[in-house]
Structures are given as C-alpha cells and as structure tokens.
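Number of protein chains: 4
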Amino acid sequence: MTERKRKIINDPVYGFITIDHPLIFNLISHPYYQRLRRIHQMALAHLVYPGAMHTRFHHSMGAYHLMCWALSELQGKGVHITREEELAAKMAILLHDIGHGPYSHALETDIIEGVSHEAIGSWLMEDLNQQLKGALGLTLDIINDRYHKKFLHQLVSSQLDVDRMDYLNRDSFFTGVSEGVIGYDRIIKMLTVHNGELMVEEKGIYSIEKFIVARRLMYWQVYLHKNGAERRKYAGEDLMPG
Amino acid sequence: MTERKRKIINDPVYGFITIDHPLIFNLISHPYYQRLRRIHQMALAHLVYPGAMHTRFHHSMGAYHLMCWALSELQGKGVHITREEELAAKMAILLHDIGHGPYSHALETDIIEGVSHEAIGSWLMEDLNQQLKGALGLTLDIINDRYHKKFLHQLVSSQLDVDRMDYLNRDSFFTGVSEGVIGYDRIIKMLTVHNGELMVEEKGIYSIEKFIVARRLMYWQVYLHKNGAERRKYAGEDLMPG
Amino acid sequence: MTERKRKIINDPVYGFITIDHPLIFNLISHPYYQRLRRIHQMALAHLVYPGAMHTRFHHSMGAYHLMCWALSELQGKGVHITREEELAAKMAILLHDIGHGPYSHALETDIIEGVSHEAIGSWLMEDLNQQLKGALGLTLDIINDRYHKKFLHQLVSSQLDVDRMDYLNRDSFFTGVSEGVIGYDRIIKMLTVHNGELMVEEKGIYSIEKFIVARRLMYWQVYLHKNGAERRKYAGEDLMPG
Amino acid sequence: MTERKRKIINDPVYGFITIDHPLIFNLISHPYYQRLRRIHQMALAHLVYPGAMHTRFHHSMGAYHLMCWALSELQGKGVHITREEELAAKMAILLHDIGHGPYSHALETDIIEGVSHEAIGSWLMEDLNQQLKGALGLTLDIINDRYHKKFLHQLVSSQLDVDRMDYLNRDSFFTGVSEGVIGYDRIIKMLTVHNGELMVEEKGIYSIEKFIVARRLMYWQVYLHKNGAERRKYAGEDLMPG
Numbered sequence: 138m139t140e141r142k143r144k145i146i147n148d149p150v151y152g153f154i155t156i157d158h159p160l161i162f163n164l165i166s167h168p169y170y171q172r173l174r175r176i177h178q179m180a181l182a183h184l185v186y187p188g189a190m191h192t193r194f195h196h197s198m199g200a201y202h203l204m205c206w207a208l209s210e211l212q213g214k215g216v217h218i219t220r221e222e223e224l225a226a227k228m229a230i231l232l233h234d235i236g237h238g239p240y241s242h243a244l245e246t247d248i249i250e251g252v253s254h255e256a257i258g259s260w261l262m263e264d265l266n267q268q269l270k271g272a273l274g275l276t277l278d279i280i281n282d283r284y285h286k287k288f289l290h291q292l293v294s295s296q297l298d299v300d301r302m303d304y305l306n307r308d309s310f311f312t313g314v315s316e317g318v319i320g321y322d323r324i325i326k327m328l329t330v331h332n333g334e335l336m337v338e339e340k341g342i343y344s345i346e347k348f349i350v351a352r353r354l355m356y357w358q359v360y361l362h363k364n365g366a367e368r369r370k371y372a373g374e375d376l377m378p379g
Numbered sequence: 138m139t140e141r142k143r144k145i146i147n148d149p150v151y152g153f154i155t156i157d158h159p160l161i162f163n164l165i166s167h168p169y170y171q172r173l174r175r176i177h178q179m180a181l182a183h184l185v186y187p188g189a190m191h192t193r194f195h196h197s198m199g200a201y202h203l204m205c206w207a208l209s210e211l212q213g214k215g216v217h218i219t220r221e222e223e224l225a226a227k228m229a230i231l232l233h234d235i236g237h238g239p240y241s242h243a244l245e246t247d248i249i250e251g252v253s254h255e256a257i258g259s260w261l262m263e264d265l266n267q268q269l270k271g272a273l274g275l276t277l278d279i280i281n282d283r284y285h286k287k288f289l290h291q292l293v294s295s296q297l298d299v300d301r302m303d304y305l306n307r308d309s310f311f312t313g314v315s316e317g318v319i320g321y322d323r324i325i326k327m328l329t330v331h332n333g334e335l336m337v338e339e340k341g342i343y344s345i346e347k348f349i350v351a352r353r354l355m356y357w358q359v360y361l362h363k364n365g366a367e368r369r370k371y372a373g374e375d376l377m378p379g
Numbered sequence: 138m139t140e141r142k143r144k145i146i147n148d149p150v151y152g153f154i155t156i157d158h159p160l161i162f163n164l165i166s167h168p169y170y171q172r173l174r175r176i177h178q179m180a181l182a183h184l185v186y187p188g189a190m191h192t193r194f195h196h197s198m199g200a201y202h203l204m205c206w207a208l209s210e211l212q213g214k215g216v217h218i219t220r221e222e223e224l225a226a227k228m229a230i231l232l233h234d235i236g237h238g239p240y241s242h243a244l245e246t247d248i249i250e251g252v253s254h255e256a257i258g259s260w261l262m263e264d265l266n267q268q269l270k271g272a273l274g275l276t277l278d279i280i281n282d283r284y285h286k287k288f289l290h291q292l293v294s295s296q297l298d299v300d301r302m303d304y305l306n307r308d309s310f311f312t313g314v315s316e317g318v319i320g321y322d323r324i325i326k327m328l329t330v331h332n333g334e335l336m337v338e339e340k341g342i343y344s345i346e347k348f349i350v351a352r353r354l355m356y357w358q359v360y361l362h363k364n365g366a367e368r369r370k371y372a373g374e375d376l377m378p379g
Numbered sequence: 138m139t140e141r142k143r144k145i146i147n148d149p150v151y152g153f154i155t156i157d158h159p160l161i162f163n164l165i166s167h168p169y170y171q172r173l174r175r176i177h178q179m180a181l182a183h184l185v186y187p188g189a190m191h192t193r194f195h196h197s198m199g200a201y202h203l204m205c206w207a208l209s210e211l212q213g214k215g216v217h218i219t220r221e222e223e224l225a226a227k228m229a230i231l232l233h234d235i236g237h238g239p240y241s242h243a244l245e246t247d248i249i250e251g252v253s254h255e256a257i258g259s260w261l262m263e264d265l266n267q268q269l270k271g272a273l274g275l276t277l278d279i280i281n282d283r284y285h286k287k288f289l290h291q292l293v294s295s296q297l298d299v300d301r302m303d304y305l306n307r308d309s310f311f312t313g314v315s316e317g318v319i320g321y322d323r324i325i326k327m328l329t330v331h332n333g334e335l336m337v338e339e340k341g342i343y344s345i346e347k348f349i350v351a352r353r354l355m356y357w358q359v360y361l362h363k364n365g366a367e368r369r370k371y372a373g374e375d376l377m378p379g
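Protein chains in written order, with our numbering: chain U, 138 to 379; chain A, 138 to 379; chain V, 138 to 379; chain E, 138 to 379.
Hints in this document: simulated from the structure, not taken from any laboratory. Because the structure is a prediction, the values reported are computed rather than measured. Accuracy of the hints is not assured; some may be wrong.
Since copy identity is lost for identical chains, a pair holds within one copy or between any two.
Here are the simulated DSSO-like pairs of lysine-lysine, each with C-alpha atoms no more than 30 angstroms apart in a straight line [stated by the list, open to error]:
1) K144 with K214
2) K340 with K214
3) K286 with K270
4) K144 with K340
5) K270 with K287
6) K270 with K340
7) K270 with K214
8) K340 with K287
9) K340 with K286
10) K270 with K144
Use the sequences and the hints to build the structure in full.
Below, the structure written as structure tokens:
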C-alpha cells in the first residue's frame, strides 16, 4: 500500500487505532461505511446521558481495533491464522453493523416493519463484495459462520465477541456510567482456541464474570432506560437527564 | 424547589454534575438552551477525531460544574459571595455560548457576515430575561462586566476562565489528544481573589504554565487543523482521519 | 487555624485531598498516624501486583476524603450535621485503621495470637484522646457506636462505609485489577438518612449491586490470592507475578 | 519456553505487561533484579506525594513494556530487527537501572562518594553475563553503544528513550501530578529509523514538544522539590505533604 494510506486514528477509549492495509482503508472510506458517522450508537440516549453522542462508525472501528489485538494475541499463543484470514476477520467486524439505520433497534420495530438491520446489512455487504470484485468472499463466510475455523466467527459474533467488548466499554466511557467498564484487555489476553472454538483460559474466569455482570447492569441502568415510560420523555415532554 | 427538579447528570469528564436550583433547572430546560444539544462543540472536527461529537450543551454544563466548584473553593478561603451572586455567576456561565450556531466560528466568518455569536447571544439573553421576569439582571451585569466584583466576570471570561478550562479538558477527552489535558482541579484549588480580581496562588504557577502550553498545543494540533488545506478535506474529498 | 496548616495533598485516585482543620492536621502529623506510612495496605500483595505498594496512611486519607464528601452531600440534602459531629466523623475515619501492624491480618492470626488490631487501635485512640485533652470524645463515641446519630457510625463501619469504598477503589487502582472499580461517586450521591440510619436512594440500586459484585470479585481474584498455596510463594519460592 | 514461564503482569499504568521469553523471565527472577523491589523509584518523595511508593522494579518493567511496543512499531514500518537484537534490546532496558541503590541519586552524592550507580550497574551486568554464560553479550554492546544499529542504544538511552517515557508517565501516575502526563503512545507510534538513528516523524512534533515541557514541569514541581529546604523536611521536622 502507499504510505499515504497508513493511518492512525485517535480514539479516546483505546488511544490509537491503526489502519495498515489498503483494503481496510478502502472499506472505511466507502460511502456505505462513512454513512455510519451519522448513526448514533446509542440512538437517543444522549438526551439522558449527554456524552453518549458516539457513532456506529466509531464503535465499529473500536471493535476492529480489539479484533486486531485478539488475533495478534492468539497468534502469539501459537494459533495458526493466515494473513488472508486475518484480513477477512478484520473486515468482518468492520462490517458487522453496516445495516444499522438511525434510532437503532427502535427503527426496526416501530418504524419499518419486517426488515431487520441484519437483512439490510446483508444486501449492502453483497453489493460491496461486487464493487470490490469478490474481495469479501472469506469475510462473508466468516460472518455467516460458513468457515471451518469457527473461532473467527465467534470473535465477530458470540457471547464473548469483540463487538460486545467494544460497545460495553465504549458506551460506558461516553455515558460516564462506570457500571459497564470491563477488563477487556485481560479478557483478550485470556482468549485461546481449542478444537477450533474460541475459549477462555481458566484464570480469566473473574474477568468473564465481571463482563456478564457489567452487561446486565448496563441493560438495567442504561439500555432499558430507553424504553417504556422513558421513551415518552424522549418525545419532548421532559428532556432533562435523570 | 420541588424534589423532582434536583438532578444529577452523568458526565464522563467530571463524574457527576449536580443541578439543585429551580432557576438553573428552568434555564437548562428552556428551548434556547436545549438547542445547544444539536451544536457540536468542535464543528466538523469529528471527521478527523471520530470521538469529538460532544455538544455545546455538554460543554456549557461542564463549565457550569467548574464554576460551582470554583465558587465553593473561593468561599472556603473566606471570599464573600452572596447566594444571589453565586446563582447569577452559575447562570452566566451556562449562557456564555447560547448564541452559537452550527459549524462554530466558520458560520460567522464564511456564511453569515456581520453578525457575531456574541450579538446573537446577547439578543437571546435579553429575551430570556424578559421571559424570566428579570431574573437574569445580575447575570447580565456579570457577563457584561458591569458588576463591581470583577472576579465573577473573570471566572466567566478571562485568560483563565472556567470556559477555557472546560473546553481544553473536554476537547482533549473526546478527541483522545492528551496534549490538552490540564490540571483543572489543581488550578481551581489555587484560585483566590485579591482586590476584587481573580488571582492564582504562587504555588499554582506550574499548573498555569501547563494550562498555557496545553492551550497552544491544542491550537496547533487540533483547532487549527480545521482550516486551510484541511477544511477542503471536510468538504468530502478525503474523509479519513489523519 | 494558621494559613500554614491548610494543606492539599495529591492523590492519584481522587485528585486532591484537602485538610482544613487544625485538629485534623495535628492528628495526621502525630507519630501514631505517621507510622501507617510504613504499613502496606495490601501486605505482601505487591509481590504479585507490583503496583500495590500503597500504604494504610494513604488509604485512611482516601477514606477521610470520601467522608468529607459524603457529609457534604448529606448536608446538601438537608440532613442536620453539626460542625462538631462533622469533625468527629472525619477524625473517626482517619483513625479507623490506627491499630494495624505490618503484614495486615496475617500478623494477627499467625504471629501474635489473641491481640486484634481493633484492640491495639482502641488503646492507641484512648492514649491519643488523653494527649489531645479529650478532643476525641465524640470521635470515640461514633467509632464505638454509642452516638445516637447512627448514620455517622455507619459511614465509618457498615456494609457500605467509606472505608470499603476507598479500599476497593484504591486497591483496584494500584493493582491495575479493574474488577474492583466501583462507582463510588454515584454511591455517595445516592446516600441519604432515614430515621437516623444510613440509606441509599432507590435509583442507586445498580451502583450498590456493582459494589457488592466488585467486592466479591476482588476477594476471589486479589485478596484471597494471598492465602493457601499462594502464600507459600511469597515466602520466596516464586516471586513472579501471575 | 515452558508454559509455566509465560506471564502477564498487571500494571495500573499500561494494563498488562507480557513476559514471553525464558531469558527475560530468568532475568526478572534473578535476585539482582528482584532487589529493585525494595528501591523506591522516587526515593523519599512519597513523604510529600503519598502515592509515590512505586519501585525501580516496576519502572524497569514499564520501560521494558514500552521497548516491546516500540520495537514492534518499528518492525511494522519495515525497520529490520532480528529476533536476537529484539531480545537484547529488551534485556538492555530491563537492566538499565540495575545499579541503583536506595534513596536514588542522593546516595551517590551524599553518602557514598566516587561510586556511581552506573559503575555498580556495570559490575552487576558483567557478573550476570558470566552467570548466564555470555547470553548478555549483545545486550552489553547495546547498553555501551558499541553496536552498529545505533537506534537500539538510543531507545535505551537518549533524549527520547523509553526510560524517560516510562518514568515521566509512571511518576505522574503515582504522584497524581498531571503535569507529567505525556502522549507516550503517540510518541511511540511516531518513532522511525533513518540512517540507523532513531527519529520522530514530522507530525509527531507537538507530542515531542509536550514531552519536553512535561519533563521540565516535573523537574520544577516534583523532582527538585526533593532538594534544598524540602529535603530538610524529610528528616522528620515536617512530614506533611504540601
């Protein structure tokens, strides 16, 4: 790749995110991905938590950063991952939210019926793959869990994927709600692969327990705050945080 | 005030911001102030620093938080401040950016000519004062430097005001550029009043030096990044951070 | 008090700790309290967590800082606390660990038998009270739960006291084990008093849940690490962290 | 190496430090290195800054962590570094403070005259090299600037070495004095090699400026605080921080 396309991006959560492959660069520059700059990760939650203005663009890059790190840790432990698989897994996590529209899940359930963000994402990815002349083949296999190294799919989507690690951490950071802080660095250090599946080393058990508790607390305190009685507030009646 | 109107707001920069007076509550709830939720503090800088999505709404509340703290520190050192002056100074800082439009200073110089955000702010504040039946009288005196206790104006607007302390700190936090981090807590602890003017205790000198250096570095690295060649990038040619 | 005795102390956990009363100053300057500079808060845990070198001196000052903050929050909610009670409660928390010897609880159970750190603390406090000509009368009443405003004792010693809040937070900070991070600021904001007893407002429930989980995780991951098989390691056999 | 010897160590400054080579493990386990657990990095500064209890053991491991990171960044930019050079540079930084005695530089100038910590360090390293059957040959060449790839020595010892990056950052972290915080991650990302010498990319200039200012401020506010009038305080006359 040309020097011009090596980029480091400031991220207040992790410090710096590095982009060092032209395909990754092209993907992020594509209008489909740039569109995510205008989608808030937490929909209208910023009305209650004023800091929660962060976007799906930023979240996807954060998840990509954790993916880079996780792949490098696994390689350091002797797990065999080819350069092609590495690149495909990184693109898979970058694309995992590509189908999201504004207002997040609310859009799907209340505004448009019968079309999920997964379906939209699937169409966009197929189209991107054609534009990129099939460069996303392995990426799509990993996303759709058709690839024999299951752990690559599990890093993108499972109970302990880098998507969840990033959003818990990032939502916690931008809302200022410390209940969601997880020991993501320790979890990543504890990841391993056994029989092709993603595992956690035994001594990582407390970090995992904390991860699960943090997730539940964030649902109770933040995510579900958006529903029911609270959602009416967002409609304009009461815009004050509380 | 009614219990319903006591609010604490999560702020990732300072932890919590407390609102405990009905006038403050009403001011923040007013559409003029709520409008600031849609004005990015750093205009288009989020195209380069993806985390910089924070708003003037949030910044003004942060500056208000520092004002509360500064007033309390000064009172702890024996500086006489009445409850009316305290309230007026807090409202003054909340209102200091009320006239800002989208795209920040760019709007004034490139789009609308001859109307500054200070002028717009002034009109809005006069109007608010009428709506609130003159409750902003002392607030306007402080903002316009007509009040005899000059340090109250200086806390709102001077080389070392809580506005700058918050924006350096907040912009640093949300961009992830550590160059702007200042020891705001130490500076506030070092504030004092002499002959009615705001001063800094002698042993705060290094914190002040750091504050000035941080400000200059943020201009070079972040704020001026938005001009000239860079501004063309924002027009769509090159949306990648760098 | 003389100007000379107003002190602010840098604390990496909370920023600054302020001492603004001559009795507090004298207590901290006393050799009994200065002795705590040489007692590690976490005994030999620094052999496993190299950052855990912090002292009981520092922990007690941190707990004192949280006490100052909690009392101020309660007063802000209309709880009546006299200046004498305030001072006594602050001295009570400063003194709560005064009887600790080196190696923490291990000393009591394995080296000296039949003398608890509470007993030693009690003797030292009685002696201090004599040296200070009875200035610790109310302090001792609060510590020994003989004072009618029970919440003052509960702030010093209960399931949710400022002692635990500080040590969970501080041990987490210095070990780098994020599992113990608690939302101490939110908990303090949620404290209230009902029928003379310390309570938590309903919407603080998730912060409390997290506090309890964090405490359990710290026990499993850090505190109990010091026992059994691990303790043998400290004896010299294996000094590497793990 | 055996699985048993792969270690990750919690560091509150950087998160985790990884040891993944048996020679590194053996070096850290050696009594010469373990001795540094009992040497405070900042001598008696903890009397003024109670958090500054951190050791040269911890500092050296932090500098080692930055070295690992810097070497990996340089390799990512195409700088050729063999595995042997990598290992030697890591051992060099681990050993850079091995000759320090208690009370830091004060010991050398005031207590023992005519023997520098560099001289003691040199003797200990020669002895270690014999015990390890010459495994430190290249390490000693790098430390003594006898190796043709000068940038390896410069990473260990120069105006912009990982030693200074770690101590500014670590001293800042443990004292709680924010004036010393540096953008170490950005500096490391900006390192490059030109004609065999360590360089910084042009756009890293503000991070370097901040590094230099931070260093000066730490000297004025913290390090030189230990001399002159202040040092007398440490003798017992006035143990209060200020």
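A quick look at each hint next to the structure:
no.	hint	result
1	K144 with K214	both (28 angstroms within a copy, 12 angstroms between copies)
2	K340 with K214	within (16 angstroms within a copy, 35 angstroms between copies)
3	K286 with K270	within (24 angstroms within a copy, 44 angstroms between copies)
4	K144 with K340	between (36 angstroms within a copy, 12 angstroms between copies)
5	K270 with K287	within (25 angstroms within a copy, 46 angstroms between copies)
6	K270 with K340	neither (44 angstroms within a copy, 35 angstroms between copies)
7	K270 with K214	between (34 angstroms within a copy, 29 angstroms between copies)
8	K340 with K287	within (23 angstroms within a copy, 41 angstroms between copies)
9	K340 with K286	within (24 angstroms within a copy, 41 angstroms between copies)
10	K270 with K144	within (24 angstroms within a copy, 44 angstroms between copies)
Of the hints listed earlier, the one the structure fails to meet is number 6.
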